[in-house]
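Asks: Please build the complete structure, drawing on both the sequences and the hints.
6 protein chains.
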Amino acid sequence: MADTWLPSLKTATPQEGFELATKLARVGVKATQPSAEIRDKLRPAYDHDSAQLIAASQVIAIHFQTVAAANNYWRD
Amino acid sequence: MADTWLPSLKTATPQEGFELATKLARVGVKATQPSAEIRDKLRPAYDHDSAQLIAASQVIAIHFQTVAAANNYWRD
Amino acid sequence: MADTWLPSLKTATPQEGFELATKLARVGVKATQPSAEIRDKLRPAYDHDSAQLIAASQVIAIHFQTVAAANNYWRD
Amino acid sequence: MADTWLPSLKTATPQEGFELATKLARVGVKATQPSAEIRDKLRPAYDHDSAQLIAASQVIAIHFQTVAAANNYWRD
Amino acid sequence: MADTWLPSLKTATPQEGFELATKLARVGVKATQPSAEIRDKLRPAYDHDSAQLIAASQVIAIHFQTVAAANNYWRD
Amino acid sequence: MADTWLPSLKTATPQEGFELATKLARVGVKATQPSAEIRDKLRPAYDHDSAQLIAASQVIAIHFQTVAAANNYWRD
Chain A
1 MADTWLPSLK
11 TATPQEGFEL
21 ATKLARVGVK
31 ATQPSAEIRD
41 KLRPAYDHDS
51 AQLIAASQVI
61 AIHFQTVAAA
71 NNYWRD
Chain B
1 MADTWLPSLK
11 TATPQEGFEL
21 ATKLARVGVK
31 ATQPSAEIRD
41 KLRPAYDHDS
51 AQLIAASQVI
61 AIHFQTVAAA
71 NNYWRD
Chain C
1 MADTWLPSLK
11 TATPQEGFEL
21 ATKLARVGVK
31 ATQPSAEIRD
41 KLRPAYDHDS
51 AQLIAASQVI
61 AIHFQTVAAA
71 NNYWRD
Chain D
1 MADTWLPSLK
11 TATPQEGFEL
21 ATKLARVGVK
31 ATQPSAEIRD
41 KLRPAYDHDS
51 AQLIAASQVI
61 AIHFQTVAAA
71 NNYWRD
Chain E
1 MADTWLPSLK
11 TATPQEGFEL
21 ATKLARVGVK
31 ATQPSAEIRD
41 KLRPAYDHDS
51 AQLIAASQVI
61 AIHFQTVAAA
71 NNYWRD
Chain F
1 MADTWLPSLK
11 TATPQEGFEL
21 ATKLARVGVK
31 ATQPSAEIRD
41 KLRPAYDHDS
51 AQLIAASQVI
61 AIHFQTVAAA
71 NNYWRD
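First to last, the sequence lines map onto chains A, B, C, D, E and F.
Residue numbering for the first sequence follows the numbering used here, starting at 1 and increasing by one per position.
Residue numbering for the second sequence follows the numbering used here, starting at 1 and increasing by one per position.
Residue numbering for the third sequence follows the numbering used here, starting at 1 and increasing by one per position.
Residue numbering for the fourth sequence follows the numbering used here, starting at 1 and increasing by one per position.
Residue numbering for the fifth sequence follows the numbering used here, starting at 1 and increasing by one per position.
Residue numbering for the sixth sequence follows the numbering used here, starting at 1 and increasing by one per position.
Check before you lean on any hint, since a few could be wrong.
With the C-beta cut set under 10 Å, the calculated list includes, among others, these residues of chain F facing chain E [to be verified]: (1) 4; (2) 6; (3) 29; (4) 35; (5) 38; (6) 42; (7) 55; (8) 56; (9) 67; (10) 74.
Computed list of lysine to aspartate or glutamate pairs in DMTMM-like fashion (alpha-carbon distance at most 20 Å, straight line) [said to hold, decoys possible]: (11) D:10 x C:19; (12) C:23 x C:47; (13) F:30 x E:47; (14) E:30 x D:16.
Treat the hints as calculated values from the structure; they're not laboratory data.
The structure displayed is predicted, hence computed values, not measured ones.
Backbone N, C-alpha and C fix where the C-beta goes; we use that ideal spot for every residue, glycine too.
Replies: This is the structure we're talking about:
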């Protein structure tokens, strides 16, 4: 993770903020399991398991709180 | 997700805010499992499983925090 | 859910706020499983399962954060 | 729950705030399973299960956030 | 828990704040299972189970949010 | 943990903040299971288990909220 992948939490719209939250949730998985090969093998296990899909949605929700606050809820 | 589905976090009432939170929770699942067909197949697994219903309710609760804050708790 | 069931997050007391949080947790389940019949069938599964009771208590706790903030912690 | 059991979120000390958070976590369980008899029967199941003890500790942690904020972190 | 074990949420450094968060997570378990003997028996079950270690780390994370906010993030 | 490992929550960029959040999640595990040997043995169990990877990502997300707030969302 030497590249810059997170220069800012600012996004133009709430929707882009949600996409950023989704990205952060994925990078969090990557931080624990850096191997793309292993992550790919695990994919069918979780994307066909509703409990894990709900859990993934929860991680996105937590990050979306952060991104939304960083953007002052796109109120300005 | 090229369409605009989240133009704003503003809602007229707390109840609409809760509906938006519910939508955000669903989009979070969709972000991980984009296939509507697979999601439909998984539905009976989770909507008849109280533990997963509680987990889904939790994701809504987290998003509702964000939406409520964005609307200044509809205090104004 | 065409009826107005959430006109405001304001409550007179913290205790009423806790009751509102409990209601929000239930509506979150209802949003995912709208059938009252199925929810009633699931009840014995979760209300005799301590892990699910703790999970339900957690959803209430998250909503109580929101309701408490909306009421400025009933400080005024 | 017709009695007043939560007149205020104010506590004199952080420690009393933690005790209040513990109480709120328990009332959350009670809100879903009102029968004291059934809750007593479930007790050995969860208080000998470390995963459930950790889950219970998490609910307390969430409520403690609320109580701490309500007390302005006992800074004053 | 008649002793004073939580006089303040103030700590000199973020690291001490993290240690306090760890303590709060443990006290939360103790609040539900007061017997030190039983807790000791449960220890091998959870400290060799990565899922429970992650869950414990999550409770610490939630308390650390509280402690960090109480200390104004040690910015002053 | 006598060494100073957390002198500050300040980071230069959001990305470094995310790395700090990842570190905090790991230290939280370490606080419960101090043995590096046991943690190493547990690694294959969780880094090949998508549910645990998602759970680990969630702990990172919670810490990232704290670190982001501490840095005023890197807005300045």
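Asks: Take the hints in turn and mark each one as holding or not.
Replies: To see whether the hints hold, each was checked on the structure:
no.: 1; hint: 4; in the structure: holds, 6 Å
no.: 2; hint: 6; in the structure: holds, 4 Å
no.: 3; hint: 29; in the structure: holds, 5 Å
no.: 4; hint: 35; in the structure: holds, 8 Å
no.: 5; hint: 38; in the structure: holds, 6 Å
no.: 6; hint: 42; in the structure: holds, 4 Å
no.: 7; hint: 55; in the structure: holds, 5 Å
no.: 8; hint: 56; in the structure: holds, 5 Å
no.: 9; hint: 67; in the structure: holds, 9 Å
no.: 10; hint: 74; in the structure: violated, 13 Å
no.: 11; hint: D:10 x C:19; in the structure: holds, 18 Å
no.: 12; hint: C:23 x C:47; in the structure: holds, 16 Å
no.: 13; hint: F:30 x E:47; in the structure: holds, 10 Å
no.: 14; hint: E:30 x D:16; in the structure: holds, 15 Å
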